[in-house]
Amino acid sequence: MTPLLQVDGLTKRYGARLGCGDVSFDLYPGEVMGIVGESGSGKSTLLSCLAGHLAPDAGRVVFDTRAEGARDVLTMSEPERRMLGRTDWAFVHQHARDGLRMGVSAGANVGERLMAVGARHYGDIREQAVDWLGRVEIPADRVDDRPRAFSGGMQQRLQIARNLVTGPRLVFMDEPTGGLDVSVQARLLDLLRGLVREMGLSAIIVTHDLAVVRLLADRLMVMKDGRVVEAGLTDQVLDDPQHGYTQLLVSSVLLV
Amino acid sequence: MSVQTAMDEAQVDQAQADRASTDQAGTGRHDPAYNFAYLDEQTKRMIRRALLKALAIPGYQVPFASREMPMPYGWGTGGVQVTAACLEPDDVLKVIDQGADDTTNAVSIRKFFQRTAGVAVTEATGEASLIQTRHRIPETPLTEGQILVYQVPIPEPLRFLEPRETETRKMHALEEYGLMHVKLYEDIAHNGAISTAYAYPVKVEGRYVMDPSPIPKFDNPRLESPAIQLFGAGREQRIYALPPYCRVESLDFEDHPFEASKADHDCDLCGCGDSYLDEVIVDDEGGRMFVCSDTDFCATRRALGHAGRLSGEALA
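Which chain is which? The protein sequence lines are H and P, in order. Each residue of the first sequence is one higher than the one before, counting from 1 in full-length UniProt numbering. Each residue of the second sequence is one higher than the one before, counting from 1 in full-length UniProt numbering.
Fair warning: there could be bad hints in the mix.
Cβ pair distances, simulated, as ranges [unchecked claim]:
no.	chain 1	residue 1	chain 2	residue 2	range
1	H	D145	P	A193	33 to 39 Å
2	P	E259	H	A58	35 to 41 Å
3	H	A67	P	A56	31 to 37 Å
4	P	S108	H	R148	41 to 47 Å
5	P	A193	H	R148	21 to 27 Å
6	H	A67	P	A263	34 to 40 Å
7	H	R148	P	E279	42 to 48 Å
8	P	A56	H	T2	45 to 51 Å
9	P	H190	H	L248	51 to 57 Å
10	P	A56	H	G123	37 to 43 Å
11	P	R164	H	A58	53 to 59 Å
12	H	E68	P	L174	17 to 23 Å
Hints are computed from structural coordinates only; laboratory data are not their basis. Treat the numbers as computed from the prediction; the structure is a model and nothing was measured. Where is the CB? At the ideal position from N, CA and C, for every residue including glycine.
Required output: the full structure, derived from the provided sequences and hints.
Next up, the structure:
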């Protein structure tokens with residue numbers, strides 16, 4: 001099986017400071033990779049570099065495109081990369097406000113990606129929008145409401161619907177459950193797990209919440225000061241941490 | 001169009017302008033305190049260069065160094081600068097505001113160029129060689145050789161959807177226009193039909209999405225015209241253009257096609273059934289009448305003997 005995403009020696013510096021250094025991994029179709037670490041460990045920098053929002057200083061990010069097979073994302077032209085960003089890729093932001101258009105209705109938010117790839121039939125677009133709102137448990141009668149009128153959890157679910165409507169193969173998530181209370185988190189995680197399994201998505205999830213990766217991720221990378229200090233199967237890393245920092249991280253989880 | 005051609009043309013214009021300012025004979029008798037058509041020659045050249053670029057890339061917004069004009073922003077500072085850059089001493093100028101030749105804005109701009117350029121003016125669309133307009137295209141079909149100059153308040157069609165100029169420029173460059181349809185989607189979702197009635201977005205030559213200035217969408221089909229159409233936005237410092245006969249499509253959905261709409265009435269003065277109408281409240285009891293917004297078109301028809309519902313009545 002060819003990997004969906006191959007990352008090789010990815011490095012990003014902010015002047016003398018290291019954002020993330022020499023990160024390499026392969027991601028296979030249907031696999032969910034978690035990236036954990038404390039604030040400032042470089043996990044968001046890594047995600048931005050992978051998703052093409054930041055230009056790394058060194059390294060390769062090779063994506064298995066539908067049309068042309070393996071392509072280095074970093075040497076693609078900007079139109080190609082942006083096209084990828086609204087078809088095969090999806091990016092779920094920590095704050096729903098960053099990923100949504102707050103001034104237009106929920107239906108238009110979901111429909112925007114469809115229209116961006118050329119859908120020009122109002123009836124079809126609306127049907128798909130309503131269908132996707134249903135899948136993320138937003139009632140169909142809220143389709144013409146603006147996201148402003150939604151709760152935090154609903155906004156986050158709307159953002160997920162908006163991202164998944166074009167049937168992407170790779171989803172980047174930056175703290176998808178950050179800032180939500182635990183019961184809402186639980187339902188969102190349940191939903192995400194269902195969608196990932198159902199659609200066979202590959203995903204890279206950045207979080208500092210070990211419970212989230214325990215539930216969602218097949219594999220885990222632990223980052224500290226811009227470097228990957230430990231990587232492996234999620235259960236293995238969490239149950240038998242080898243690196244001192246991972247041990248600290250695992251033992252710091254509050255038990256209720 | 002090459003830079004050389006542009007420069008040649010600028011020089012020809014310069015020569016013409018020089019002739020006009022020295023030779024006071026003929027119609028070109030302008031106030032000697034001003035350079036011909038108010039702007040200095042360097043500024044006019046700069047604007048002409050922008051105009052040539054705009055014509056070469058239909059629908060693309062060309063930045064230009066807009067000057068302070070002796071009128072407030074929003075009153076047509078962009079249109080006036082484009083007109084000044086295009087005027088020649090033997091031009092015949094017509095200025096309309098919402099189709100009317102006799103409103104404050106139209107009268108002021110006409111007088112401005114009478115004084116500063118000494119050009120002949122007219123109200124007849126057919127006789128004009130250059131027409132400056134605010135928010136309408138004249139009803140009488142334009143012909144080859146005529147220039148129509150639009151006053152544009154906000155040249156960026158994506159502005160109210162995406163406030164960042166850096167981002168909208170990128171979207172134009174990469175032809176990412178999905179967002180424009182989001183606006184039309186919202187119209188249908190909230191109102192059951194595309195309710196955008198003016199400044200209706202168009203795609204030019206299959207490439208750039210353009211704001212046709214706030215003309216009613218009734219006028220959109222006539223953007224495909226034998227005349228040269230120039231758009232000037234003074235405050236926003238942008239010029240764009242439609243060369244003659246260039247393809248202009250109004251954006252729409254397959255199941256909600258574009259429709260050029262107007263008030264469902266005939267003109268009450270000239271009886272015309274297919275011109276764009278203004279609604280005028282005539283008394284305190286809710287009485288109203290519909291009249292052609294194009295005053296020249298309406299007056300010409302009345303002179304030819306056409307009559308509407310209220311013609312012959314004394315209208316205050």
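Right, here's what the structure says about each hint:
1. H:D145 x P:A193: 33 to 39 Å: violated, 20 Å
2. P:E259 x H:A58: 35 to 41 Å: Cβ of E259 (chain P) to Cβ of A58 (chain H): about 55 Å, so the range 35 to 41 Å is violated.
3. H:A67 x P:A56: 31 to 37 Å: For A67 (chain H) and A56 (chain P) the Cβ distance comes to about 33 Å; the hint holds.
4. P:S108 x H:R148: 41 to 47 Å: Holds, since S108 (chain P) and R148 (chain H) (Cβ atoms, about 43 Å apart) stay within the stated range.
5. P:A193 x H:R148: 21 to 27 Å: holds, 25 Å
6. H:A67 x P:A263: 34 to 40 Å: Violated - the Cβ-Cβ distance for A67 (chain H) and A263 (chain P), about 50 Å, lies outside 34 to 40 Å.
7. H:R148 x P:E279: 42 to 48 Å: Violated, at about 35 Å.
8. P:A56 x H:T2: 45 to 51 Å: Distance hint for A56 (chain P), T2 (chain H) holds at roughly 46 Å.
9. P:H190 x H:L248: 51 to 57 Å: The hinted range 51 to 57 Å holds for H190 (chain P) and L248 (chain H), with Cβ atoms some 53 Å apart.
10. P:A56 x H:G123: 37 to 43 Å: Hint holds: Cβ distance 39 Å, inside 37 to 43 Å.
11. P:R164 x H:A58: 53 to 59 Å: violated, 30 Å
12. H:E68 x P:L174: 17 to 23 Å: holds, 19 Å
Hints 1, 2, 6, 7, 11 from the earlier list are contradicted by this structure; the remaining hints agree with it.
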